[in-house]
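A.B. asks: Each chain is listed here by its residues.
There are 2 protein chains.
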Amino acid sequence: MNLLLLMPSDLLGADRALVRDPRQLKHLHEVHRAAQGDWLRIGVSNGLMGRGQLVRLEAEEAELVVTLDQPPPPKLPVTLLLALPRPKMLRRVLQTVASMGVSRLVLLNSQRVEKSFWQTPFLAPEAVQEQLLLGLEQACDTRLPEVQIEPRFKPFVEDRVPALVQDTLGLVAHPGNYPSCPWGLDLNQKITLAIGPEGGWIPYEVTKLQEVGLQPVQLGARILRVETAVAALLARLFSG
Amino acid sequence: MNLLLLMPSDLLGADRALVRDPRQLKHLHEVHRAAQGDWLRIGVSNGLMGRGQLVRLEAEEAELVVTLDQPPPPKLPVTLLLALPRPKMLRRVLQTVASMGVSRLVLLNSQRVEKSFWQTPFLAPEAVQEQLLLGLEQACDTRLPEVQIEPRFKPFVEDRVPALVQDTLGLVAHPGNYPSCPWGLDLNQKITLAIGPEGGWIPYEVTKLQEVGLQPVQLGARILRVETAVAALLARLFSG
Chain A
1 MNLLLLMPSD LLGADRALVR DPRQLKHLHE VHRAAQGDWL RIGVSNGLMG
51 RGQLVRLEAE EAELVVTLDQ PPPPKLPVTL LLALPRPKML RRVLQTVASM
101 GVSRLVLLNS QRVEKSFWQT PFLAPEAVQE QLLLGLEQAC DTRLPEVQIE
151 PRFKPFVEDR VPALVQDTLG LVAHPGNYPS CPWGLDLNQK ITLAIGPEGG
201 WIPYEVTKLQ EVGLQPVQLG ARILRVETAV AALLARLFSG
Chain B
1 MNLLLLMPSD LLGADRALVR DPRQLKHLHE VHRAAQGDWL RIGVSNGLMG
51 RGQLVRLEAE EAELVVTLDQ PPPPKLPVTL LLALPRPKML RRVLQTVASM
101 GVSRLVLLNS QRVEKSFWQT PFLAPEAVQE QLLLGLEQAC DTRLPEVQIE
151 PRFKPFVEDR VPALVQDTLG LVAHPGNYPS CPWGLDLNQK ITLAIGPEGG
201 WIPYEVTKLQ EVGLQPVQLG ARILRVETAV AALLARLFSG
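Protein sequence lines correspond, in order, to chains A and B. For the first sequence, position 106 (counting from the first letter as 1) is numbered 106 according to the numbering used here, and the numbering increases by one without interruption. For the second sequence, position 120 (counting from the first letter as 1) is numbered 120 according to the numbering used here, and the numbering increases by one without interruption.
Any given hint might turn out to be false.
[As the list claims (entries may be wrong)] Within a straight-line C-alpha distance of at most 30 Å, the following computed DSBU-like cross-link-like pairs (lysine-lysine) qualify:
id, chain 1, residue 1, chain 2, residue 2
1, B, LYS75, A, LYS26
2, B, LYS154, A, LYS88
3, B, LYS154, B, LYS115
4, A, LYS190, A, LYS154
5, A, LYS190, A, LYS26
6, B, LYS88, B, LYS75
7, A, LYS154, A, LYS115
8, B, LYS115, B, LYS26
9, A, LYS154, A, LYS75
10, B, LYS88, A, LYS26
11, B, LYS26, A, LYS115
12, A, LYS26, A, LYS115
13, B, LYS190, A, LYS88
14, A, LYS88, A, LYS75
15, A, LYS26, A, LYS208
16, B, LYS88, B, LYS26
17, B, LYS190, B, LYS154
18, B, LYS115, A, LYS88
19, B, LYS154, A, LYS115
20, A, LYS190, A, LYS208
These are computed hints drawn from the structure, not numbers from a lab. As the structure is a computational prediction, the values presented were derived from the model and not from experiment.
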């Protein structure tokens with residue numbers, strides 16, 4: 001936790017905040033070993049960042065005097081269409097996506113997504129939000145990515161992706177004889193990027209994504225785990 | 001497992017192999033649900049890659065007819081000096097490092113590495129090798145990175161790093177008012193790259209690394225987890 005992310009409801013007036021989230025209090029006590037008088041980097045969910053001084057730290061409550069005067073870092077102008085990863089990977093990928101600054105994430109079905117993955121409790125809105133907040137607290141950001149869950153591939157791709165892709169560079173990462181993934185784009189270039197499941201998209205899915213404007217690109221001979229591929233692709237696209 | 005990585009001792013003559021590794025057999029049976037006659041992508045540790053056909057698959061043994069005719073993908077010409085991550089992260093980072101193609105990894109001490117991390121059984125040579133093999137089997141590579149364990153920061157940096165850095169571009173990733181990390185290098189550019197622990201290098205460590213030829217570079221405002229930073233930095237450096 002490199003930033004203590006407060007909810008707007010934690011703010012008491014313009015310069016005071018009260019932390020009551022058990023996870024955050026546990027972290028302050030056990031990891032930060034914080035004490036009264038300590039300064040912490042703070043932010044408000046979907047708002048500004050700044051610094052706060054601990055004026056009271058108890059087991060179930062902490063009070064801070066806060067100054068909020070800095071904008072959060074820019075988001076990446078990316079809509080990421082990601083085949084739903086297995087539950088354990090999902091949690092880490094949500095953190096990765098939030099910490100890298102993705103604007104919008106669509107968790108999508110694919111032939112190679114096991115049906116059981118859709119039953120995981122980690123897809124519940126609170127569980128998703130928890131991982132996203134961890135990612136923001138890691139990266140020092142305050143703005144949550146939008147997350148959308150799409151358990152049906154074909155209607156989503158046919159009916160919704162065309163509007164998403166409009167005015168963006170549409171890319172689908174897929175091994176094969178395709179152009180290399182572009183690199184060194186600037187933050188004005190909006191991207192729609194599709195990343196498949198472990199085992200990859202099936203050819204039908206690549207064709208469908210291509211039909212709605214996503215161009216297949218490859219990343220080289222190495223096949224990366226989803227989480228590694230997400231970080232590597234985003235870092236490459238915006239390496240400029 | 002996108003590639004079944006055989007040990008040279010698994011080969012019986014030029015075109016036969018016998019798999020007896022319980023982990024690999026379990027994977028063939030339970031994940032691949034392989035059957036006699038199936039073709040698999042295979043490779044030999046530190047050797048060639050190719051294809052193999054399963055001619056016999058039993059609980060404790062599998063026999064393949066193999067053709068080994070392809071070189072493994074090029075390694076990244078990178079020596080990565082990595083502050084020892086916490087044990088759980090260490091295992092994943094070893095996989096990431098192997099799957100991204102790093103040539104050499106040095107696990108190094110730092111002020112912010114907890115002493116207990118050095119006691120983990122995951123640092124035993126067999127445990128390290130297991131994670132590296134998983135990374136190679138993920139990425140379809142056969143060449144293990146060299147791994148070196150250095151529990152003393154100062155003597156290693158003073159006595160050994162100068163020779164490592166020679167004829168390479170030396171970089172230390174560190175947040176702050178530093179030049180941006182370079183990008184788009186080609187595979188002829190050798191790199192020595194130092195990545196700190198969660199919490200970062202302390203200023204003394206940055207100074208010491210700078211004194212032996214590693215130039216501090218930053219990656220932007222976002223602070224990434226070690227595993228994500230490794231993937232993002234390598235993808236950025238060799239994005240060309």
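A.B. asks: State for each hint whether it applies.
C.D. replies: Status of the hints after comparison with the structure:
no., hint, in the structure
1, B:LYS75 / A:LYS26, "43 Å, violated"
2, B:LYS154 / A:LYS88, "38 Å, violated"
3, B:LYS154 / B:LYS115, "16 Å, holds"
4, A:LYS190 / A:LYS154, "23 Å, holds"
5, A:LYS190 / A:LYS26, "39 Å, violated"
6, B:LYS88 / B:LYS75, "25 Å, holds"
7, A:LYS154 / A:LYS115, "16 Å, holds"
8, B:LYS115 / B:LYS26, "36 Å, violated"
9, A:LYS154 / A:LYS75, "29 Å, holds"
10, B:LYS88 / A:LYS26, "20 Å, holds"
11, B:LYS26 / A:LYS115, "22 Å, holds"
12, A:LYS26 / A:LYS115, "36 Å, violated"
13, B:LYS190 / A:LYS88, "35 Å, violated"
14, A:LYS88 / A:LYS75, "25 Å, holds"
15, A:LYS26 / A:LYS208, "47 Å, violated"
16, B:LYS88 / B:LYS26, "23 Å, holds"
17, B:LYS190 / B:LYS154, "23 Å, holds"
18, B:LYS115 / A:LYS88, "28 Å, holds"
19, B:LYS154 / A:LYS115, "52 Å, violated"
20, A:LYS190 / A:LYS208, "21 Å, holds"
In summary, the structure is inconsistent with hints 1, 2, 5, 8, 12, 13, 15, 19 from the numbered list given earlier, while agreeing with the others.
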